[in-house]
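A.B. asks: Using the sequences and the accompanying hints, generate a full structural model.
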Amino acid sequence: MASTAAVAEIRTPREARESVVVRFAGDSGDGMQLTGGQFTQAAALAGNDLATFPDFPAEIRAPTGTTFGVSSFQINFGGRRIKTSGDAIDVLVAMNPAALKVELGNVRDGGVIIVDVGSFSDRNVKRAGFASNPLEDKTLNAYRVIEIDVSALTMEAVKESGLGKKDALRCKNLWTLGLVYWMYARDRQPTVDWLNKKFAKQSGLATANIAALNAGHAFGETAEMEGDVPTYSVAAAKIEPGEYRTVSGGEALAWGLVVGAHKAGLKIMFGSYPITPASPILHILARLKQYGVVTFQAEDEIAAVCSAIGASFAGHLGITSSSGPGIALKGEAIGLAISTELPLIVVNSQRAGPSTGLPTKTEQSDLYQAVYGRNADAPLVVLASRSPSDCFETAVEVVRLATKYMTPVMLLTDGYIANAAEPWLIPDVDDVAPFGVKFRTEVEGFHPFHRDEKTLARNWAIPGTPGLEHRIGGIEKDYDSGHISYDATNHQRMTDTRKAKIDGIANDIPEQAVEQGETSGDIAVVGWGSTYGPIDRAVSNVRAEGHAVSHIHLRHIWPLPRNLGSLLASFKTVLVPEMNTGQLVTVLRAEYLVPAEKVSKVSGQPFKIAEIESAIRARLGA
Amino acid sequence: MNVVPQQLTAKDFATDQEVRWCPGCGDYAILKALQRTMPEIGATPEKTVFVSGIGCAARFPYYMETYGFHTIHGRAPAFATGIKLSNPELDVWVVGGDGDMLSIGGNHLMHTLRRNVDLQILIFNNEIYGLTKGQYSPTSRVGTRSPSTPQGSVEAPVSAALFALGSGARFVARSVDTDLKHLPIMFKRAHEHRGASLLEIFQNCIVYNDGVFDSFKAPSVASERQVRVEHGKPMIFGAEKNRGLRMRAGVFEIEAVTVGEDGVTVDDILVHDETNRVMANLLASMDSDQLPVALGVLYCNPAPTYEASVLDQAADVRAKSPNADLNKLLRSGYTWTV
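First to last, the protein sequences are chains L and B.
Using the numbering used here, the first residue of the first sequence is number 1, and each one after it goes up by one.
Using the numbering used here, the first residue of the second sequence is number 1, and each one after it goes up by one.
Just so you know, the hints here were simulated from the structure itself, not pulled from any lab data.
Model, not experiment: these values are computed from the prediction.
Incorrect hints may have been included.
Cross-link-like lysine to aspartate or glutamate pairs, in silico, EDC-like; alpha carbons within 20 Å at most [what the hints assert, rightly or not]:
{"id": "1", "chain 1": "B", "residue 1": "K328", "chain 2": "L", "residue 2": "E393"}
{"id": "2", "chain 1": "L", "residue 1": "K499", "chain 2": "L", "residue 2": "D487"}
{"id": "3", "chain 1": "L", "residue 1": "K499", "chain 2": "L", "residue 2": "D377"}
{"id": "4", "chain 1": "L", "residue 1": "K198", "chain 2": "L", "residue 2": "D187"}
{"id": "5", "chain 1": "L", "residue 1": "K238", "chain 2": "L", "residue 2": "E18"}
{"id": "6", "chain 1": "B", "residue 1": "K328", "chain 2": "L", "residue 2": "D431"}
{"id": "7", "chain 1": "B", "residue 1": "K328", "chain 2": "L", "residue 2": "D428"}
{"id": "8", "chain 1": "B", "residue 1": "K328", "chain 2": "L", "residue 2": "E243"}
{"id": "9", "chain 1": "L", "residue 1": "K499", "chain 2": "L", "residue 2": "E518"}
{"id": "10", "chain 1": "B", "residue 1": "K47", "chain 2": "B", "residue 2": "E89"}
{"id": "11", "chain 1": "B", "residue 1": "K47", "chain 2": "L", "residue 2": "E393"}
{"id": "12", "chain 1": "L", "residue 1": "K404", "chain 2": "L", "residue 2": "D508"}
{"id": "13", "chain 1": "L", "residue 1": "K438", "chain 2": "B", "residue 2": "E261"}
{"id": "14", "chain 1": "B", "residue 1": "K47", "chain 2": "B", "residue 2": "D12"}
{"id": "15", "chain 1": "L", "residue 1": "K454", "chain 2": "L", "residue 2": "D503"}
{"id": "16", "chain 1": "L", "residue 1": "K263", "chain 2": "B", "residue 2": "E18"}
{"id": "17", "chain 1": "B", "residue 1": "K32", "chain 2": "B", "residue 2": "E18"}
{"id": "18", "chain 1": "L", "residue 1": "K404", "chain 2": "L", "residue 2": "E518"}
{"id": "19", "chain 1": "B", "residue 1": "K188", "chain 2": "B", "residue 2": "E65"}
{"id": "20", "chain 1": "L", "residue 1": "K267", "chain 2": "B", "residue 2": "E240"}
{"id": "21", "chain 1": "L", "residue 1": "K267", "chain 2": "B", "residue 2": "E224"}
{"id": "22", "chain 1": "L", "residue 1": "K267", "chain 2": "B", "residue 2": "E89"}
{"id": "23", "chain 1": "L", "residue 1": "K572", "chain 2": "L", "residue 2": "D508"}
{"id": "24", "chain 1": "L", "residue 1": "K267", "chain 2": "B", "residue 2": "D325"}
{"id": "25", "chain 1": "L", "residue 1": "K608", "chain 2": "L", "residue 2": "E243"}
{"id": "26", "chain 1": "L", "residue 1": "K83", "chain 2": "L", "residue 2": "D487"}
{"id": "27", "chain 1": "B", "residue 1": "K328", "chain 2": "L", "residue 2": "D430"}
{"id": "28", "chain 1": "B", "residue 1": "K188", "chain 2": "B", "residue 2": "E46"}
C.D. replies: Structure (structure tokens):
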């Protein structure tokens with residue numbers, strides 16, 4: 001029933017490109033994320049390296065045709081290593097005037113803009129905020145515009161499917177995908193297979209969508225229009241051999257937690273309350289019951305973290321996940337986990353702004369909250385993932401640290417990492433070293449706060465163990481017996497011990513490496529989290545001109561790597577690009593008395609390479 | 001199954017910690033009654049966990065020689081839920097006061113009850129905030145004078161039993177702190193019930209709210225002002241055992257009548273049906289001077305527990321995919337080889 005995708009016959013030579021940035025933009029209901037996801041897979045299967053940036057509104061279905069309802073998916077793919085989702089758009093697919101309005105400023109001069117003219121009614125043009133039709137005035141003079149009535153052509157393509165007009169028009173995204181596949185000589189078959197599977201029980205929809213996909217592709221081939229649809233070739237990138245997949249930050253993080261728990265010999269109890277953009281982790285883990293995962297959708301953020309702490313008390317690995325506002329609510333309970341010295345993992349998928357802020361936009365502004373954001377002296381461990389695939393390794397590492405040191409560990413990601421996808425060389429789980437947890441069972445000499453001399457971690461005795469019955473709580477505990485104690489010197493000793501335990505972890509994590517460049521020089525560009533890609537590219541660009549600039553990227557935010565102070569001191573300038581108003585820079589200044597300088601961006605959008613590059617150049621005087 | 005080598009006694013459930021409640025506090029009597037009950041219900045210290053929030057009552061775990069977790073204000077039911085989801089074999093008790101359970105923790109109590117997590121939840125209701133020195137609580141009656149309400153409180157109080165029934169609790173019972181005969185029976189019933197068991201204990205705060213329950217607790221009035229309900233038995237009370245509850249003709253409400261007066265016979269008296277939720281609501285609502293306070297198991301109608309349902313689902317999933325391999329998980333969906 002499904003037609004197969006024939007290998008495209010190339011009539012005119014394709015223009016070779018090292019890398020390309022494509023952005024699909026349309027209404028929230030236009031299926032742009034889905035389109036982007038399919039295109040990502042096609043690029044990956046063609047051997048390109050890639051990075052993606054899904055950018056969507058907080059509203060589920062914002063009013064159609066409005067600028068605030070525009071949902072976009074950007075992909076940067078190429079024959080070289082790709083580290084960011086791209087600064088400027090080479091090809092913009094705009095499904096309506098609002099999408100054009102929102103994205104136009106990001107298209108490079110001379111870039112290609114494909115528009116569905118069928119959606120450019122006077123009403124839609126006005127609704128998008130254009131004074132006059134941009135297709136008719138000079139708005140688009142700087143670009144190569146391809147005007148296609150996608151709406152009408154899609155209706156025509158799917159007319160035999162018997163779908164109503166509304167459903168038929170919903171196939172528009174597949175039509176454009178087919179066209180873009182043609183432009184880059186991409187194989188349609190995986191998408192055909194995927195549609196057949198997705199609509200296995202609604203074969204009419206499968207047939208219609210496949211017809212639209214093929215029609216878009218055929219349109220490119222036959223170019224029923226004035227001027228050709230430009231075609232390109234993007235070679236496969238030279239990448240390490242092995243088995244690959246695309247992975248989102250949410251998937252990599254969830255899987256990393258499961259693998260980490262497996263290596264610790266523990267089962268996961270994941271307590272969470274839905275919040276954007278953290279919910280995917282809950283959704284993924286809820287489907288992994290066969291791996292010993294229990295998920296609990298709690299009544300609120302507080303119950304979520306409390307259930308996780310209760311689980312750790314009972315001998316599971318307690319994990320909770322949220323975004324900034326939810327982490328704020330969990331603060332008191334995290335303090336209890338610090339005080340009772342129980343393992344706990346807290347994942348924060350950061351989003352933008354104080355309070356509700358911009359739920360679907362990205363920011364790194366919860367670093368203070370992670371490191372300092374609790375009452376009293378309440379140290380814990382903080383790590384940050386740099387990319388979707390990096391979430392896997394960091395997730396395994398947070399499990400190791402939480403269980404080895406009997407401490408809460410916070411893992412920072414952000415909305416960008418959570419939703420973006422990239423190719424991933426799939427690791428062999430058997431290569432991850434195990435770090436099995438040993439519960440205390442020996443009765444002789446037991447008290448709940450008996451510590452390992454080296455790690456200072458207390459012993460973990462779980463309910464059900466005969467002879468080790470004990471009580472713990474948030475009241476200060478006597479160092480030598482674990483009983484409640486209001487003694488002043490004891491409190492000093494316990495506070496010092498809790499701090500020493502966390503500080504000591506610096507000896508159990510790798511020394512800070514330099515990602516790129518020398519260990520001394522003019523400028524160290526220090527980043528953390530999802531700014532990795534743009535910093536890396538910006539530094540390599542200025543290094544190519546011979547400048548003594550290095551890139552240092554922190555995974556361990558607290559405690560900081562033990563050599564970081566001396567490393568930073570060997571640079572004349574320390575520059576810290578962050579998607580906040582300067583949080584890591586404050587920590588570095590406070591810890592090392594270095595005159596670190598900030599590069600700040602809080603627009604809800606990731607850094608562009610050019611922005612970081614120009615900040616570096618300003619310091620170089622170049 | 002664990003074999004208990006020797007018969008445990010109340011002493012085996014007492015810790016060596018000095019009890020720090022005010023002399024004369026009703027909590028002492030509750031502690032004693034529970035320590036006595038534990039061996040009788042076959043509890044073992046290593047499989048028992050007491051979880052509490054914050055407040056006077058929440059110090060309870062420190063005095064029980066079992067596992068114990070003194071957590072944060074209001075959240076004990078959430079910790080207990082995590083414990084049960086991790087190890088359903090554990091026998092978990094949650095202890096808190098009226099502030100802990102019905103004010104700051106009201107939300108968690110509601111959801112824990114409706115989910116039917118297998119816990120014994122004890123609310124020590126003294127209608128006052130004790131540990132913070134005497135402010136009115138969510139169960140304080142209108143007009144309660146306290147440091148924060150010098151002219152008297154103006155808020156309508158919440159009824160723990162009605163709140164629990166409204167939240168979907170499958171077991172709701174009431175007792176009083178000093179009744180060392182009735183209280184252990186209620187502990188046993190709560191323990192027997194699989195699912196969330198809510199037991200409200202009217203507890204006297206000798207310092208900040210002394211005598212607040214005297215209107216029905218005082219020995220001089222107890223028999224006239226309390227009705228001890230028992231499943232399948234007529235709801236009779238009074239020193240002469242001749243007072244009883246019946247439905248008032250023509251309206252949906254309960255009245256107290258005297259057997260032998262106005263043609264009332266024993267057959268007119270309502271027989272308690274603890275599986276009847278409507279009756280439980282009527283009994284829990286009796287708060288006027290004309291009606292006695294209902295004590296005992298107001299409602300008991302078991303349903304599957306939350307953790308059992310969760311674990312059943314997990315077992316089903318495991319049965320359908322017995323070879324859960326992590327390397328396979330990482331390779332699910334589209335992969336390609338370079």
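A.B. asks: All the hints need checking, so say for each whether the structure fits it.
C.D. replies: Results of checking the hints against the structure:
Distance hint between K328 (chain B) and E393 (chain L) is fulfilled; the C-alpha atoms sit about 18 Å from each other, no more than 20 Å. For the suggested pair K499 (chain L) and D487 (chain L), the alpha carbons sit about 18 Å apart, so the restraint of at most 20 Å is met. Note on K499 (chain L) and D377 (chain L): the hinted pairing holds, with a Cα-Cα distance of about 8 Å set against a maximum of 20 Å. For the suggested pair K198 (chain L) and D187 (chain L), the alpha carbons sit about 18 Å apart, so the restraint of at most 20 Å is met.
Restraint check for K238 (chain L) and E18 (chain L): the C-alpha separation of about 12 Å stays at or below 20 Å, so the hint holds. Simply put, K328 (chain B) and D431 (chain L) have alpha-carbon atoms about 14 Å apart, close enough for the 20 Å limit, and the pair holds. For the suggested pair K328 (chain B) and D428 (chain L), the alpha carbons sit about 10 Å apart, so the restraint of at most 20 Å is met. Annotation: proposed proximity of K328 (chain B) to E243 (chain L) holds, straight-line Cα distance about 12 Å (limit 20 Å).
Distance restraint check for K499 (chain L) and E518 (chain L): the Cα-Cα separation of roughly 33 Å exceeds the 20 Å cut-off, and the hinted pair is therefore not satisfied. For the given pair, K47 (chain B) sits about 7 Å from E89 (chain B) by alpha-carbon distance, which is consistent with the 20 Å threshold. A threshold of 20 Å between alpha carbons decides the hint, and for K47 (chain B) with E393 (chain L) the separation of about 36 Å lies outside it, so the pair is violated. For the suggested pair K404 (chain L) and D508 (chain L), the alpha carbons sit about 10 Å apart, so the restraint of at most 20 Å is met.
With a C-alpha separation of about 72 Å, the suggested pair K438 (chain L) and E261 (chain B) falls outside the 20 Å cut-off, and the hint is violated. Among the hinted pairs, K47 (chain B) with D12 (chain B) is consistent with the structure: their alpha-carbon atoms are about 13 Å apart, no more than 20 Å. Note on K454 (chain L) and D503 (chain L): the hinted pairing holds, with a Cα-Cα distance of about 12 Å set against a maximum of 20 Å. In summary, the hint linking K263 (chain L) to E18 (chain B) is not supported, as the alpha carbons are separated by about 42 Å, beyond the 20 Å threshold.
Distance check on the hinted pair: K32 (chain B) and E18 (chain B) sit about 14 Å apart at the alpha-carbon level, within 20 Å; holds. Straight-line distance between C-alpha atoms of K404 (chain L) and E518 (chain L) comes to about 34 Å, which puts the hinted pair past the 20 Å bound. Between K188 (chain B) and E65 (chain B) the CA atoms are separated by roughly 19 Å; this keeps the pair inside 20 Å, and the hint holds. Distance hint between K267 (chain L) and E240 (chain B) is unfulfilled; the C-alpha atoms sit about 60 Å from each other, more than 20 Å.
Taking the CA atoms of K267 (chain L) and E224 (chain B), the gap is about 55 Å. The hint is violated against a cut of 20 Å. Proposed proximity of K267 (chain L) and E89 (chain B) is supported: the alpha carbons are some 16 Å apart, at most 20 Å. Only pairs whose Cα atoms come within 20 Å are accepted, and K572 (chain L) paired with D508 (chain L) is rejected, the gap being roughly 29 Å. Distance check on the hinted pair: K267 (chain L) and D325 (chain B) sit about 15 Å apart at the alpha-carbon level, within 20 Å; holds.
For the hint linking K608 (chain L) to E243 (chain L), the alpha-carbon distance of about 30 Å lies beyond 20 Å, and the restraint is violated. Taking the CA atoms of K83 (chain L) and D487 (chain L), the gap is about 54 Å. The hint is violated against a cut of 20 Å. For the proposed pair K328 (chain B) and D430 (chain L), the alpha carbon gap of about 12 Å is at most 20 Å, so the pair holds. For the proposed pair K188 (chain B) and E46 (chain B), the alpha carbon gap of about 19 Å is at most 20 Å, so the pair holds.
This entry does not satisfy hints 9, 11, 13, 16, 18, 20, 21, 23, 25 and 26, going by the numbered hints stated previously.
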